[in-house]
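Throw the hints in and build the complete structure from the sequences for me.
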Amino acid sequence: KAGVTQTPRYLIKTRGQQVTLSCSPISGHRSVSWYQQTPGQGLQFLFEYFSETQRNKGNFPGRFSGRQFSNSRSEMNVSTLELGDSALYLCASSLHPRGQDRFNYEQYFGPGTRLTVT
Amino acid sequence: KNQVEQSPQSLIILEGKNCTLQCNYTVSPFSNLRWYKQDTGRGPVSLTIMTFSENTKSNGRYTATLDADTKQSSLHITASQLSDSASYICVVSPLNTNAGKSTFGDGTTLTVKP
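Chains A and B are the protein sequences, given in the same order. Numbering of the first sequence is given in the working numbering, commencing with residue 1 and proceeding in unit increments. Numbering of the second sequence is given in the working numbering, commencing with residue 119 and proceeding in unit increments.
Please keep in mind that the hints were generated in silico from the structure rather than gathered at the bench. This one's a predicted model, so the numbers in the text were calculated from it and none came from an experiment. A portion of the hints provided could be inaccurate.
So the derived list for chain A, only partly shown, Cβ under 10 angstroms to chain B, looks like this [to be verified]:
#	residue
1	Ala2
2	Gly3
3	Val4
4	Tyr35
5	Gln37
6	Gln41
7	Leu43
8	Asn56
9	Pro61
10	Phe64
11	Ser86
12	Leu90
13	Cys91
14	Phe109
15	Arg114
All C-beta atoms, glycine included, are put in the ideal place defined by N, C-alpha and C.
See below:
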């Protein structure tokens, strides 16, 4: 079974531009979460989608948005890029199991998209 | 505010030696604690997941322990290999929540030298 894939792997953008990152979860996984990772802040949660609905959102400005499609693929968009948006953006997928294991599910991370804003 | 603190921040050991990484957390009530390994330039890979009722869990040469009373966890690596060089991240999730409410530690960077 193929793992989580993210495209593109590397991206260089200029301040003020906007960018769209894509994530394809593991086949059968319906939950997709996005994270930003920087050397200074570590891993920070952006948002989580399940069945095309945003279930949770982290403490990021409205410039960060996302969506999930009916095939569970997800995209995140960052508008009006700032230098501080330079980071590794990680996507993680999970099965979202039911029952008592609902909150102890396994998350599988993709390789990330390295975004550099100049 | 929920916090997860990892120590040491970085660690250098010789190949074949053992080491232990620490994770202290304040998250309460507590659902589960995860340890991830992240190689440079790659996404994190899960090593162990422990619920509050578990004391220890192993995954090959990796053994995680949990003391829910003192809110401490450790990750012990036995007979280290060069491929163990990576960042190790501790993640704690509150009870009855999903991915969005988890708190991530800043990680311990482990370097294994020949």
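Status of the hints after comparison with the structure:
1. Because the beta carbon of A/Ala2 sits about 14 angstroms from the nearest beta carbon in chain B, more than 10 angstroms, this interface hint is broken.
2. Among the interface hints, the one on A/Gly3 holds; its C-beta lies about 9 angstroms from the nearest C-beta in chain B, closer than the 10 angstroms criterion.
3. The criterion of a C-beta within 10 angstroms of any C-beta in chain B is met by A/Val4, whose closest approach is roughly 7 angstroms, and the hint holds.
4. Residue-level restraint check for A/Tyr35 holds (minimum Cβ-Cβ distance to chain B is 8 angstroms; threshold 10 angstroms).
5. For A/Gln37, the suggested interface contact is upheld, since its CB lies about 9 angstroms from the closest CB of chain B, less than 10 angstroms.
6. Interface restraint check for A/Gln41: the shortest CB-CB distance to chain B comes to about 9 angstroms, inside 10 angstroms, so the restraint holds.
7. For A/Leu43, the suggested interface contact is upheld, since its CB lies about 4 angstroms from the closest CB of chain B, less than 10 angstroms.
8. Annotation: interface hint on A/Asn56 holds; nearest CB of chain B at approximately 3 angstroms, less than 10 angstroms.
9. Nearest Cβ of chain B to the Cβ of A/Pro61: about 17 angstroms, over the 10 angstroms cut. The hint is violated.
10. Checking A/Phe64 against chain B: minimum C-beta separation of about 14 angstroms lies over 10 angstroms; hint violated.
11. Proximity of A/Ser86 to chain B is violated relative to the hint, the smallest CB-CB distance being about 15 angstroms (cut-off 10 angstroms).
12. With 10 angstroms as the threshold, the beta carbon of A/Leu90 comes within range of chain B, its nearest partner Cβ sitting at about 5 angstroms, so the hint holds.
13. Contact between A/Cys91 and chain B, as hinted, is supported at the beta carbon level, the nearest pair being about 8 angstroms apart and thus within 10 angstroms.
14. The criterion of a C-beta within 10 angstroms of any C-beta in chain B is met by A/Phe109, whose closest approach is roughly 3 angstroms, and the hint holds.
15. Interface restraint check for A/Arg114: the shortest CB-CB distance to chain B comes to about 8 angstroms, inside 10 angstroms, so the restraint holds.
The structure fails hints 1, 9, 10 and 11 (numbered hints given earlier, in ascending order).
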